[in-house]
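*Asks:* Sequence:
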Amino acid sequence: MPILRLPWWGKRMLPSGQMIYEFAERLFPICRSITGEGVRATLRLIQERLPSLRIREVPSGTQCFDWTVPREWNIRDAWVIDPDGRKVIDFKASNLHVVGYSVPVDTEIDLEELDQHLHSLPEQPNAIPYVTSYYTEGWGFCLTHQQRQSLKPGRYRVKIDADLQNGSLTYGECILAGETDREVLLSTYICHPSLANNEVSGPCVTTFLAEWLMERKPRRYTYRVIFIPETIGSITYLARHYEAMKQRVIAGFNITCVGDDRAYSYLPSRAESTLADRVALHVLQHLHPGFQRYRYLDRGGDERQYCSPGIDLPVVSVMRSKYGTYPEYHTSLDNLNLISPEGLYGSYRVLIRCLACIESDFVPLMTVPCEPQLSKHGLYPDLSTTEGAAALTAIMDLFAYADGQRSLLEIAEKIGQPMWDLVPLAGRLRAAGLLKDKAAEPAILGHPVSANS
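In numbering that gives the first Met the number 0, the protein residues as written are 0 to 452.
Keep in mind that the hints are not guaranteed to be accurate.
[To be verified] Okay, derived cross-link-like pairs now, DSS-like style, lysine-lysine, Cα gap no bigger than 25 Å in a straight line:
| no. | residue 1 | residue 2 |
| --- | --- | --- |
| 1 | Lys151 | Lys86 |
| 2 | Lys158 | Lys86 |
| 3 | Lys216 | Lys437 |
| 4 | Lys151 | Lys91 |
| 5 | Lys91 | Lys158 |
| 6 | Lys435 | Lys413 |
| 7 | Lys216 | Lys435 |
Simulated from the structure, these hints should not be mistaken for laboratory data.
Please read all numbers here as calculations on a predicted model, not as lab measurements.
Start from the sequences, fold in the hints, and give me the full structure.
*Replies:* Given below as structure tokens:
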């Protein structure tokens, strides 16, 4: 697998997809929910790679807008023993076997009563479904439909060794300061149990993105990287930080379902025209033009909270197969075989391009009237090559729109060029004194990522 090299952001080589996948293998077995020790164990593993990660606790009962932080749930074991004494359902074999947030149970019941607490998928008879009951107290087990049909009449012993009591909601936060307090938000989930694409792919890719950002100095923007439980986590986080975030966040990415090989997907912000929208579309159109484009009406993740009226953050989702659209979604079939090093690395690469475009953007303004004499400045390319002719066209097209009214990203969109091809050209033209940055903030320029990497 090729390795991206970013010479203008240091000499560090980017990790391989295998490295990201191996981290996913570490996170996958943990039983996570919206609260509890599974979340903390996940954050501790992430903290091994991100020492600056701060783990925060918000007590149960804390009011967060219209929501209340729930009681904390922890599970140690669960099983069902059939009339012959066989353990036919075992939490230790799959943490999907227990309905999330099930209350403690220790009883003996008939199959008819047990069946009222069982969940299976007739249309996917070999898959264990993922089911939760966060805000309604109850209990249940999930199993394959084949297993369910094989259960014989009689008395069953049922045990769920769990606690549901006051505790806290836990999240992780890493603030990487830049030259300005204007921020880019990276947000991902840490609340699902053993689901590979829908869960662990997001925090794995986000962890490696944060590692890359930590190596990159100077950073133009500040990066707010958060690892939270879905829905209640983002609501809790926003209740504590949204006023500052509304003032500072210029772009954000909700990172989930980024591990499989099937597709690339884009889900816009509610405004559909933010910097994050434009950057995500620009990168995907050049790298993966066959990507699936969704509407904001197709939302289902934390973009619901970040883009909600009154919050209005510029947050988009760049995914592989979107949640809810692939057959393995929320089942035991969403396992480590569904994701791949190539799938994880592809998403990582796309998101790095998005961040690089944001960091490198500036408003170019020509410093001379009419076209400059490029040969005088040692900038006239060798026209005996196709590459030279293309470079000359790109330079002249860049000049044509360098009026101080458009950003480099807008010019790249206008002339149909990847922004990462214009960045080094703009750098050379600035060094020659033919372009300047109209904006007050400094721009960070350099060599592009290879289009073939």
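*Asks:* Work down the list of hints and note, for each, if the structure agrees.
*Replies:* Do the hints match the structure? See the list:
1. Lys151 x Lys86: 13 Å, holds
2. Lys158 x Lys86: 11 Å, holds
3. Lys216 x Lys437: 23 Å, holds
4. Lys151 x Lys91: Given that 25 Å is the threshold and the Cα spacing comes to 22 Å, the pair holds.
5. Lys91 x Lys158: With Cα atoms ~13 Å apart, lysine 91 and lysine 158 stay inside 25 Å; holds.
6. Lys435 x Lys413: OK: lysine 435 and lysine 413 at ~19 Å, within 25 Å.
7. Lys216 x Lys435: Holds - the C-alpha atoms of lysine 435 and lysine 216 are around 22 Å apart, at most 25 Å.
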